[in-house]
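Here's the letter readout for the chains.
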Amino acid sequence: MKIKCWIFYALLALLLPSMALAGNQIKKEIELSDFYVRAVPPGAENTALFITLTNPNKTDVVLSKVSSPVCRAAEIHLMQHKAGVMSMEHVPELAIKGGDTLKLSPDGYHIMLIGLKKTLKDGDSVPVTLSFKDGNKVKINATVRRLMKKMKHSH
Amino acid sequence: MTKSGQRRFYIYLALLCLLFISTAIGCKPKAKDEQKETGAELTTGPPKGGDFTLQAAEGPFSLHDMKGKVVLIFFGYTSCPTACPTSLETMAEAFSRLSVEELERVQGVFISFDPERDTVDELKEYAGYFHPNIIGMSGKIEEVKEVAGRYGAFFIKALQEESEMGYGFSHSTETYLVADNGTLSEIYSEKTDAMTLSEAIRRHLWKRQ
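Chains as they are written, first to last, in the working numbering: chain P, 1 to 155; chain A, 1 to 209.
Derived by calculation from the structure, the hints in this document are not laboratory data.
Built from N, CA and C at the ideal position, the CB exists for glycine as well.
Partner residues aside, some chain A positions facing chain P, computed with beta carbon under 7 Å:
| # | residue |
| --- | --- |
| 1 | 83 |
| 2 | 89 |
| 3 | 125 |
| 4 | 129 |
| 5 | 162 |
| 6 | 163 |
Kindly generate the complete structure, drawing on both the sequences and the hints.
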């Protein structure tokens, strides 16, 4: 009986650190950078949020829900170009592969902010909550900005 | 009508019915996000362009009133957060590269193929936000479809029932340059930068001088 107990504790002692290590690896936070909301004309129904997501883990991280108080709904959409035609598709979730960086852009995956409750002006700050499938939630404040490049007047 | 003629007529009628039914079945949406075709067809052959009259906030707008001006036309919808504002930003940036004198002879036109949601007043505000030289307009969907078809623009209403958007559009993203005599002269892809576009406008403005 006593010996069995010792073996149990020894095994536990061996296993625990490795379990903790594995746990640490999963807990590494996804890195979010270059996030901004596109400024759209007053009265425009929708706009889009762009983020660069870097997954430092070995396993996939899945973005499953986005929300913001500035709009009625936030959804992940994919824009595709096929034979000169642009089409948009609503996707339920977005997987970022282990070790990968995914840059959201106007001509790829992006987050649609649908039914804007007020006009977002250049420089405004938009609070956004990103929820991941593993239960992790990240809050960011994205700045509103126009996409236009620096204007160069030739006159 | 002879008896055999009558029989032939009924056979044709039956075949026509069959064709109609099979087309209807073929078009039936399979998935929830399946596209519903209500847009302009892809035209074959080079687009003709030509005159049109659509509704702007200030009243009817006709292309022939723009004679003497270089006109840039883009087809889109205001709920589009990606391709449409990008193309209009590029058009605006191209305009901002022109001199005041040149700008007097340039007109940007934004034609909405979503008259269901885009009112003329909204279109005025939307287009004007990008540049004061861009005017927003629309019309009955059949009218917009007809104009789009002539210019080679394409759009399909895409139902997105699972999305709060309700519906969106799959569409082409070209910008059409109409010369000062009203003829469709050049077609620029979405990838065209503002500098290329402004140089194209200049080339047209100064070609006779």
